[in-house]
Amino acid sequence: DSSTQASGNNGSTIAISGSTSVGPLAEKLAAKYSEQDNANIEINQIGSSAGITNAINGVSEIGMSSRDLKEEEQASGLQEVVIAYDGIVVVTHPTNQVKNLTLEQVKQIFTGEVTNWKELGGDDMEIVVVSREDGSGSRDAFQEIVDYSSGELVKSSIIASGNGNIKTTVANNKHAVGFISFEYIDETISTIDINGVKATAENVLEQNYKLSRPFLFVYKEGKLTDAGQNFIDFILSEDGQRIAAEAGAIPVK
Amino acid sequence: MSIQTNSVEIGKANKRKYFLEKVSSRVFLICALLSVISLLLIIGFVFYKGSHPFLVEGYSFIDFIFGTDWVPSEDKFGIFPMIVASIFATIGALIIGVPVGLFTAIFLAEIASKRLAKIISPAIQLLAGIPSVLYGVFGLAIIVPFLQNTFGLAKGQSLLAVILVLAIMMLPTIVTVAETAIRAVPNTYREGSLALGVSQIGTIFKVVVPAAKSGIMTAIVLGLGRAIGETMAVILVAGNSLIVPTSLTDSVRPLTTNIALEMGYAAGTHQEMLFATGIVLFSFILILNFVLAKISAKGGN
Amino acid sequence: MRQLKDYVLRGLLWLSVLLSVAVLVMIVGYIFVKGMNLISFEFIFGDYSPTGGGGIWPMIVTTIYTIIISLVIATPIGILAALYLQEYAKQGRLVKLIRFATESLTGIPSIIYGLFGAVFFVTTLKMGMSIIAASLTLTIIVLPVIIRTTEEALKTVPQSYREGSLALGTTKLQTLYKVILPSAMPGILSGIILSIGRIVGESAAIFLTAGTVAALPESLFSSARTLTVHSYLVTQESGDIELAAAVGIVLIVIILGINISATLISKKLNKATNK
Amino acid sequence: MSTAVMERSESLVMEENQTVKVQSQMEIKREEKASKITVKDLNLFYGEKQALYGVSLNIREKEVTALIGPSGCGKSTFLRTLNRMNDLIDGVKITGDIMIDRENVYKNNDVIKLRTKVGMVFQKPNLFPMSIYDNVAYGPRMQGIKNKKELNQIVEESLKGAAIWDEVKDRLKSSALGLSGGQQQRVCIARAIAMKPDVILMDEPTSALDPISTLKVEELITNMKKDYTIVIVTHNMQQAARISDKTAFFLNGEVVEFDDTDTIFSTPSDQRTEDYVTGRFG
Amino acid sequence: MSTAVMERSESLVMEENQTVKVQSQMEIKREEKASKITVKDLNLFYGEKQALYGVSLNIREKEVTALIGPSGCGKSTFLRTLNRMNDLIDGVKITGDIMIDRENVYKNNDVIKLRTKVGMVFQKPNLFPMSIYDNVAYGPRMQGIKNKKELNQIVEESLKGAAIWDEVKDRLKSSALGLSGGQQQRVCIARAIAMKPDVILMDEPTSALDPISTLKVEELITNMKKDYTIVIVTHNMQQAARISDKTAFFLNGEVVEFDDTDTIFSTPSDQRTEDYVTGRFG
Ligand SMILES: Nc1ncnc2c1ncn2[C@@H]1O[C@H](COP(=O)(O)OP(=O)(O)OP(=O)(O)O)[C@@H](O)[C@H]1O
Ligand SMILES: Nc1ncnc2c1ncn2[C@@H]1O[C@H](COP(=O)(O)OP(=O)(O)OP(=O)(O)O)[C@@H](O)[C@H]1O
Ligand SMILES: [Mg+2]
Ligand SMILES: [Mg+2]
Ligand SMILES: O=P([O-])([O-])[O-]
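Chains as they are written, first to last, in this note's numbering: chain A, 2 to 254; chain B, 48 to 348; chain C, 277 to 551; chain D, 613 to 894; chain E, 613 to 894.
Hints are not guaranteed to be accurate.
[As the list claims (entries may be wrong)] Taking lysine to aspartate or glutamate pairs in the DMTMM-like style, the calculated list, with each CA pair at most 20 Å apart, reads: (1) A:K108 with B:E121; (2) B:K253 with C:E439; (3) E:K725 with E:D709; (4) E:K705 with C:E439; (5) E:K837 with E:D713.
Treat the hints as calculated values from the structure; they're not laboratory data.
Make the full structure from the sequences, and use the hints.
Set out below in structure tokens:
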């Protein structure tokens, strides 16, 4: 456990900060990794941008991002590694009759073309769209694949920050529809198949299920320590990827 | 000249006392200035970051203030809906939170038995320590569904929910500070009024409360600060929709929420625009404080 | 007419206090109902485990650290500043400016304090994400609360105490320390209690400056996670309301403990001065 | 102890009757004046500590009754039982009866009516932090008087009555707390007068006043006797002698002697009274 | 106006000289007593408002000087200039000189020494919210006296000196605010005495006291004269006559007349003084 070994190790601390969606996975990986190598890994979940900024100005060795790097960020010499993929699933209230949608229907919902569940074969009730905030990695990926822009998002949609808040919001409102990462699926919400395909890791890997996005580690070129490199190697190893899969993420290969 | 004679006349023991006196008053001054320095640093920081788009990148400040579209990924930055939402939310929270808080404080200080007050006051102070996230969760789990069901809405996330949560969050500050102020009013005032055959209620509202005015204003200012500065709870119950609210049941995105919601993922111009949102919020706070100061000065005469 | 007015006002007073108490009971009740199941010895004293089932001991320790450090810095500064404003300064421009500054500070959203702290303490002063950086940020957040409540408390101390003491040839400092501060103590204490609430309840300003490392902090320069940040992360990412509420219960108990000891201390002080 | 007092006050009644037989003209005058306040066997405790022991007094309408006695003997405490100001102090216990106009003050729960009827001026001036005008107009306003002219008139009359009008007429709107102690006390008197009460209780109302204002206030009291029943605590023997009809001498929470002022100051029946009043000076 | 006063005080000096020639024995006694406090052409303003006009006085060592005059005439204000208590009030402006022991009070910046030397008892009792003991021990403690025996002795002596020891000796450790007004004021006097000052200023110190305590305090003042210079504000003519050596009559912020107490009360040279002191009563 980290507190006891921390003082005794060879002094190499790997400071990692960034995305709150990558964070829990990174914590699990770090916990397993420090069992075999007595490295001290600090993980701070403070948002992708703050993590990237920290990686650029050296507050952290590694930044975690759930979104792609902006041009100016790449220009400042950042390297990126995909450590896993994250599947995104459309969710509704458990009582909702609608269980399957086409990608086109999803787009119609989120752009406000369809506003009542009855048009989709459900009960006669208004649709309440729940989306992530502008800049969120999940939202970027979701919009890109479903194919609408932020400007098209229906204006009255509820904006929730984080998977947990979307889940809580949807679980408490039978009108609602939103999207979250695979790893947060539980019985409080119901998942929607897209074009008849279930949201599972296998389906993502076989490219039958389209909604997914990469989890990134970023670091400044030449600033990665051996310890940091070892940790990344561990993540990309078979062991590491198995742990990622157990945590609900989708392995790189 | 006089200094020379003084140094002869002031005894050794007193010299030390005066020295201490001088040093301590300097130290006190420095402490007082610390808050000014912090404020200046923070203002400087926010302005430095927030003015960049307008001074360097050529964005129009007018469009920023009056624009109704906020789509950072498409380079649209208009915060008009949020300004309106902030104003409504603040006023609403004031209208509900201040009277309830003040009346509660008055009750505890003047009417409740000592025993009752000894139980309720600390309990209300306890409310001050509950993390705002939990207020948000409470709001999301109790207030939002309640509003949704009561008004038959598709969603309960709304201006009204924000107002209620903020009013609740103001309570501990207002009650605690106001109660202390009211208790400090000298008993002779109460006696003077009661002896004139004025009822207890009359005495409270005409003599005691006015005498505690300064403390009550502080209570309001601090409570308001809590309400304006609050983010985490509001994010959960506001809905954060980007529409100009026309009714209490519309979901809204106040300025603070906008900053907290997107800061984690914002970079470049987007981030600077969030700081610019901070500038607007800041001006909003300054104006409010100014107005409150005017009101309290007026009440003073 | 007057009687009616009295009845109405009295009714409103009762209504308000009932409302306040109802809200209190509902919130605390909700938190306890949601979170009580998770409370166990292991939950409170166990180490955190990212794979679930662990405890929150590191966060409890971190929370207590931040409370203590922030208060140790903010309380003396705040009280001394208030003393300056009330007892020393000529009520002129400077005082108005300082007062305006403190009032304005109370309204700034904590996320801005957090970002400021991240740039100023963490990066510029090279403290790194750490408990100390967070505590300094928190200090700025609670300073206005302490200054204003102390000022109010000082205002209520009768002028005759000051005169009585000074006329005995004591210095201002002695007067403040021996007579003024003791009789202003209850007011100051309620300001401190409010500040503790603010410190404990803060999340945004803390996770940007102390980070979210879920391990027992080794020193003040370690990054660490407070209870509130923990419940924030849990709510935000996994939506695990039970866990967030369980953390809330622990917080409530901690605050209750602090408030009770604060009252006891003030009673003791009062006994020392009054009896 | 308290029984001793009872006996004494009974014997006083007897003496009085004898006097009456002699001075018939006096008697008629007296009879007109009904008993306004009757106090019977009053005991008062501050928590454990007893401050009044079996006090019995009979205060007549439209007379001035003076309460004298050394510091701490319970004069203020007694005075404050008459308008139930002691209700405000925690842990005060009272036994015995006080009747004002045949109504038992402690059985009837309308304290507001009681205090409207029984005005009070305190030992330390206790003006509100408002303007002078608002202080005096406070009571009438709370009674529902809104008419500006009427209020102006009440304020002016009351301030004149308290011999302070000339000093403050030009700054009625400025804060009352800026006045000197003596000025403040006179405004307090004005504030009480403004309520036009039946009974006025005064707790050393002139102890902070200079002789000239004191004289004015004493004249005022003597004038007010026509309309009001006045109970006044004073340390000033001369004052008691000058303005009061009856005097009660308090000692250690007991009434040692209660009689016509003349009698108390010329031929008191109790040695302690004599000792006290002949330490005459001041 | 102030010149008028100056002239008068000059003429007083002349008169005095004449008297001296006659009464040579008196003179010797007087000469022993050096001038302790010399006030020259003192003006005081509360902001715009002038409260003292060209006050000039000469207060002698080990004498009691009484200040009399109607309410609001500036007695308290004047008294508070002597130990610079007016420094605490914002916007107070002072011109003129006050010399104590040949030191200019307003030029020398050692207010602590000044106030240690010049003790004060206020018009309203202003005890601290501490025990009776702590109130009296407060000053000595602040001077650095820590020895318990020494403190006990100081407290006992001072309380005895203020004629309150017997009443409080059993509850020295209980709050001073539980005492009656008169008791509180005497503890205030004890608190001042505890500092063993040179000069004691008293602002109506007995206005809240009963005659017996007043008598005790007056005796005390007369005794203290041996060691202290005392300046006392009083509304009580008799008191002034009884205990003071010199009396100053204030009116509207001016000193109308300052002379031997006997002279002031028997043959005042100013009509206004005569008017005031022959409204004699109380
Ligand atoms: N609130 C109180 N609690 C406890 N004891 C009290 C309280 N008020 C007064 N006493 C005590 O009761 C006794 C009577 O006090 P009271 O004030 O009536 O005296 P008084 O005759 O008015 O004296 P004075 O002439 O000094 O005003 C005193 O011994 C006093 O210490
Ligand atoms: N702080 C103040 N600000 C403005 N005016 C004041 C202040 N204190 C006193 N005064 C005014 O100065 C004048 C002198 O007041 P002072 O208190 O010296 O009178 P006094 O002779 O002591 O009267 P009293 O016998 O009633 O105590 C009064 O007119 C009073 O209103
Ligand atoms: Mg009394
Ligand atoms: Mg005075
Ligand atoms: O992973 P996100 O929080 O950026 O959606």
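Checked hints:
1. A:K108 with B:E121: Holds. A:K108 to B:E121 sits at ~18 Å (cutoff 20 Å).
2. B:K253 with C:E439: violated, 30 Å
3. E:K725 with E:D709: holds, 18 Å
4. E:K705 with C:E439: Distance ~18 Å between E:K705 and C:E439 Cα, so the pair holds.
5. E:K837 with E:D713: The given pair, whose Cα atoms are some 17 Å apart, holds under the 20 Å limit.
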